[in-house]
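Enquirer: Starting from the structure of chain A, add chain B with the ligands where the hints point.
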Amino acid sequence: MAEILLIKGNEALAEGAIRGGCRFYAGYPITPQSEILEWMGKRQAEVGGVFVQGESEIASVNMVYAARALGVRSLTSSSGPGFTLKQEGIAYWVSAEIPGVIACVQRYGIGDGFIGAGQDNYWQAIKGGGNGDYHLITLAPNSVQENMDMAYESFELAEKWRHPVLILSDATIGQMIEPCEVRPYKEYDKDQLDWAVKGTPIGQPNKIVSDVTYIEPIDEWNEYYLNKCRKIIETEQRWESIHVNDAEICLLAYGISSRIAEGAVRKAREEGIKLGLIRPITLWPFPKKAFSELKNCKALVTVEMNMMGQFREDVILYSGNKYPTYAITTAYKVPKIDDIIAFAKKIIAGEIEPEEVF
Amino acid sequence: MARKTAKKAPVIMKCENMFCAGCGHSIFDRILGEVLTEMNIIQDTIICSDIGCNHQFQYSMAVDVVMPPHGKMGAALTAMKRVRPNKYCLTIAGDGGAYAIGLGETMSAATRDENVTFFVMNNTCYGMTGGQLAPTTQIGQWSSSTPRGRSIEEHGRDFDVVKVMKNLDIAYLARTTITSPSEIDKTKKAVRKALEKQRDGKGFSLVEVLVPCPTNWGMSPVKAMEHIKNELVPRYEMGEIIDK
Ligand SMILES: Cc1ncc(C[n+]2csc(CCOP(=O)(O)OP(=O)(O)O)c2C)c(N)n1
Ligand code: SF4
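Keeping their order, the protein sequence lines are chains A and B. 1 is the number of the first residue of the first sequence in this note's numbering; add one for each residue after it. 1001 is the number of the first residue of the second sequence in this note's numbering; add one for each residue after it.
Only chain A is shown next, with the shape it has when bound in the complex (with noise of 0.2 Å):
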């Protein structure tokens, strides 16, 4: 029987990391994502892998580049203002096509913000945050399990397309604790890639894993990596629907949001109040395809914990701005069910107007 933990988000996404094959990690401890690295403080030792607290972001983000490049599956993690610090290095993920693992876990606020729950890292998270044309392949987890399970796959999915898998997770997901069933090991060989660099007798090509700008006839590359993203938009959407069909009013929320939002649909459904939710598994690729399940829909309304609206940019466009758009945003504060819903209400009774929230 499989075994359950009694276990916080964290370290159920740490633990997931090491079931799933994660043999080196490297990370600066920032609350609210402590306990993955205290986690893997712990763990890389028993099962033979490397733990390093790195002596900034900077440094860690550089060492998992570094032990992913030797082919080891590697992971590190962040939150805040140290994930603003990771940019740089994970552009150099992007382009020298390493498929290393991050998690944030987000906190609220700007510069250094709070050490609370905020979903204020969409826009940097998802729209590239560092030089360059490139998205995460981002993952939204609303559960401990998910952390789990997420940070499990995390690695076969950034392998399946040499490019690096973010986990965006918060701090009330983290932190809170939630029965878990934990996943069997994975074997895997470090030496199984034939792209990491291992050492190369004379006589054999040597391998360098490097910036793209520095070894590729750019033209070609450009063109293989739009493809590669086109496949990966086209294949790995991935979103939860509850009561989409006949929805009215539909809801998008990911993360903790999520959860509160299924919530108030649940609710509103008692009192005849037509609400749906889509509920993104993926940030990127958005699953636009999720639309097309709206039959009856009036409005979208976005839940997020910040102050501008970030999600609901997207929303708006990749749901090809066909509905009135609206966003509850609640800053460092977790939503609350009656508040969707009496929002819902508003809406219905033409009360409010989709204009900027801020």
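To be clear, the hints were calculated from the coordinates, so they are not data collected in a lab. Treat the hints with care, since some could be wrong.
[Said to hold, decoys possible] Now the in silico label distances, taken between C-beta atoms and shown as ranges: (1) B:Pro1147 <-> A:Val47: 55 to 63 Å; (2) B:Gly1149 <-> A:Asn131: 56 to 64 Å; (3) A:Gly132 <-> B:Gly1201: 34 to 42 Å; (4) A:Tyr224 <-> B:Pro1234: 47 to 55 Å.
Remember, it's a predicted structure, so these values are computed and weren't measured experimentally. Note that beta-carbon positions come from the ideal geometry of N, C-alpha and C, so glycine has one too.
Expert: Just chain B with the ligands, lined up with the frame of chain A:
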């Protein structure tokens, strides 16, 4: 009488290098290539490239390479050595990379005494970007971003790795140059020794090599060598400083 001919390039050198005429990087790469070949460790070596003129070793040397962002070799080497402890993990670094943008990572690798090797090319300027001020630019020296010469008041003091690392618990620290066959020989010995320290698990090793950048110094290759001999060597502590 047998005529003296140039020694054949070691097998690791797969083609001519791409540096400017008289560039010190080309001489250093040849030295390193000879040592790796003579020690028979090419297949066990992974070079962590910096970004700078120095990175062009990649085009002429048949050896595996990982290139992180500019200056981040201290972090990358730490990870490389730990996940593949049987490999020789080393960098050919610029003085801008190792001592300015990457100083934190360089020092952290050194203070942790990671079992990795730094070869730092001190050409007293940023070569690749056009000869701007580097931490190693000498007081009074012209650079393209200090056109009136470096002054302590305006630009701060210069950086001397020996002063900084002298008291660290590391395995090997040396400063050499390449201005004559005998100096090249000393450099080669230091390169070999640094790699032997790594082989023996002794810890962090760093060899700084004073090299010319004739292009940005605005000098002929011969003048640039004389400049090192007459202007730089007298200001620096040379030779083996730490040898554990
Ligand atoms: C983050 C970042 N900043 C700046 C640069 C531009 N840049 C490329 S090489 C270089 C300096 C090179 O000087 P040095 O490290 O001394 O090496 P050299 O060219 O002399 O070998 C700089 C600043 C860069 N590539 N990345
Ligand atoms: S600019 Fe200077 S450091 Fe760069 S290749 Fe030319 S001589 Fe060498």
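Enquirer: Indicate, hint by hint, whether the structure satisfies it.
Expert: Against the structure, the hints come out as follows:
1. B:Pro1147 <-> A:Val47: 55 to 63 Å: holds (57 Å)
2. B:Gly1149 <-> A:Asn131: 56 to 64 Å: violated (34 Å)
3. A:Gly132 <-> B:Gly1201: 34 to 42 Å: holds (40 Å)
4. A:Tyr224 <-> B:Pro1234: 47 to 55 Å: The hint (47 to 55 Å, Cβ to Cβ) holds, given that A:Tyr224 and B:Pro1234 are roughly 54 Å apart.
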